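Participant: Residues per chain, in single letters:
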Amino acid sequence: MIILNARATDNAALNESVRAAKDDCEIVGCIGERFIGAGLSSRTIRIKGIPGNALGAYLNGAKIFVDGNAQDAVGDTMNAGEITINGNAGDAAGYAMRGGKIYIKGNAGYRAGIHMKEYAGKSPVIVIGGRCGSFLGEYQAGGLIIVLGLNDDGKRIVGNFPCAGMHGGRVLLRGDAKDVVFPDKVTSARATADDLAAATAYIKEFCAYFGIDENFVLDCPYTLITPDSANPYKRMYVEN
Amino acid sequence: MLLKEGQIRIPSGCAVSAVISKEGNLMSGEKIVASMIPMHERSNGLGGGFAGYGIYPEMSEFYAFHTFFDDRESQKACESYLRQSFEIVKAEPVPTRKIPAITDEPIIFRYFLSPLRSRIADAQVDEREFVARAAMHINVYIDGAYVVSGGKNMGVFKAVGFPEDVGEFYRLDEYSAYCWTAHGRYPTNTPGWWGGAHPFSLLDYTVVHNGEISSYDANRRYIEAYGYKCTLQTDTEVFTYIADYLLRRKKLTLEETANVIAAPFWSTIERKAPEEKEKLTYLRNVFSGLLVTGPFSIILGFEGGLMALNDRLKLRSMVVAEKDDRIFIASEEAAIRVMEPDAVNVRAPEGGEPVIVRVKEGRY
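From first to last, the protein sequence lines stand for chains A and B.
Each position in the first sequence, counted from 1, maps to that position plus 41 in our numbering.
Each position in the second sequence, counted from 1, maps to that position plus 156 in our numbering.
By construction, these hints were calculated from the structure, which means they are not laboratory data.
Being a predicted model, the structure only gives us computed values, none of them experimental.
Careful, some of the hints might be misleading.
Result set (PhoX-like, lysine-lysine): computed pairs, CA atoms no more than 25 Å apart in a straight line [stated by the list, open to error]: (1) Lys187/B to Lys516/B; (2) Lys219/A to Lys428/B; (3) Lys232/B to Lys187/B; (4) Lys479/B to Lys89/A; (5) Lys516/B to Lys178/B; (6) Lys407/B to Lys178/B; (7) Lys219/A to Lys196/A; (8) Lys187/B to Lys89/A; (9) Lys428/B to Lys226/A; (10) Lys219/A to Lys433/B; (11) Lys435/B to Lys196/A; (12) Lys196/A to Lys104/A; (13) Lys196/A to Lys428/B; (14) Lys433/B to Lys196/A; (15) Lys245/A to Lys104/A; (16) Lys187/B to Lys254/B; (17) Lys407/B to Lys435/B; (18) Lys245/A to Lys163/A; (19) Lys516/B to Lys308/B; (20) Lys479/B to Lys196/A.
Use the sequences and the hints to build the structure in full.
Facilitator: As structure tokens, this is what we get:
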């Protein structure tokens with residue numbers, strides 16, 4: 042394990058040190074350094090402090106653990122690997138990701154999973170422990186987004202316009218999502234045992250990472266949202 | 157050799173930051189300047205600026221005009237205009253530190269002004285309207301003269317440069333304020349010049365803005381019908397006049413103002429309780445020309461408080477946190493952690509959800 046001090050360096054130099062290191066890294070004193078672990082194919086990076094935007098962008102197989110909150114665009118366009126955030130994430134987590142997993146213990150901001158996609162054997166997964174902002178899974182084209190809503194602050198599990206423009210993939214919300222308004226062009230229904238079977242392994246792994254009781258999390262109805270058609274975004278902004 | 161598109165990428169987007177003490181406790185400018193450092197990449201060196209509230213306690217009864225002049229002629233013209241309507245209680249250069257990072261500065265002066273009663277009576281307007289009109293007159297009609305800020309016990313400090321350099325240039329470590337706002341600029345559609353740096357100000361209202369206003373021309377046309385003139389070659393200016401118009405002249409509350417400029421979608425209004433629905437519909441209909449579309453996160457400063465607001469689609473980032481009597485707002489959590497490593501209740505407000513902070517009555 043190599044210890045890197047983020048405060049003694051800048052974005053580019055820090056990322057250069059991460060790439061040059063032949064071993065796992067722990068980055069301490071992080072305060073907004075961008076693009077950490079970008080494109081990295083192997084090894085594990087642990088981060089203390091607040092990593093900057095586009096953490097793990099284009100990640101290609103490495104594992105990143107954040108001991109706190111992350112900012113915007115976590116895992117932007119990531120291809121493979123795993124990002125685990127022991128806190129909240131900012132806006133656009135998993136932006137256009139096409140493989141790998143993102144686990145967020147707390148809340149995610151707006152547009153989590155925007156434009157996620159899948160192809161052949163590649164199918165990305167995001168699990169969010171808390172709630173998320175509006176436009177969850179906007180333009181989603183593939184992959185699986187799971188929101189557990191484990192907060193007890195009484196706030197809705199997702200904001201407005203979830204799954205707007207969705208045309209592929211699945212969103213799974215823990216609970217009946219009765220107070221959530223979905224667009225016309227998607228179907229929301231209680232998840233069946235089969236639907237859940239495909240998600241259970243991720244939920245269990247999520248619970249194991251953060252020390253959460255998996256039985257409590259799984260012993261609950263879930264709501265599955267899937268798209269009806271391939272062109273659902275028509276005139277969303279114009280008529281509103 | 158000049159690099160071409162595709163050979164170079166400049167990852168940017170403006171940066172905003174603010175701190176305010178609800179108890180009115182004064183803070184030096186050091187930390188707000190430092191907060192801009194982790195967000196350095198969000199600016200490109202073509203503009204940085206700060207607003208401080210509570211910085212002139214000894215001169216708090218006078219309007220403090222911070223001004224830029226292209227040359228001595230424009231300064232003379234401005235001063236002779238000011239003398240017609242104000243007693244100039246004090247006039248002095250704004251103190252600066254010569255640093256290599258900030259060059260080509262205009263003449264930077266501040267005037268502490270007391271409006272002449274007789275002239276206010278002649279104009280048949282209230283004092284604040286009188287002062288606002290004077291500032292607007294200078295910006296529009298006096299060549300090469302710009303009023304950068306004009307409220308009481310506050311001031312705007314801005315320049316072409318990176319914000320951390322601008323803070324050093326203006327010696328902000330030597331000022332104390334109960335509220336600071338800050339901006340790092342990455343101009344997209346408009347030139348990077350001293351007057352075009354943020355914050356933009358009229359009276360004690362100041363605005364820092366990350367984003368771009370898609371509805372700019374619609375908003376400008378609307379607001380110019382009420383005597384405002386957009387002269388500073390950038391979209392953000394219009395926010396300042398909208399705030400002044402809605403808050404000072406139409407006497408809307410801050411919440412109502414937020415509901416005009418970042419109005420909820422009709423489909424969201426549709427689901428509100430009847431009374432709320434009626435109010436939101438009224439605001440959207442009456443002030444339809446002041447709906448601001450496009451991505452923005454803004455911080456509006458004013459005497460005794462501030463309001464932070466995202467566009468209704470939340471296309472820009474904004475994080476809020478607190479510690480004891482202080483509230484922090486910034487484009488990135490990292491900036492807040494620089495000001496206060498132990499800040500708590502870190503959260504991201506929703507699109508169109510105003511964050512309003514007021515200093516306790518009598519403490520500013």
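Participant: Would you list, in rising numerical order, the hints stated earlier that this structure does not obey?
Facilitator: 3, 12
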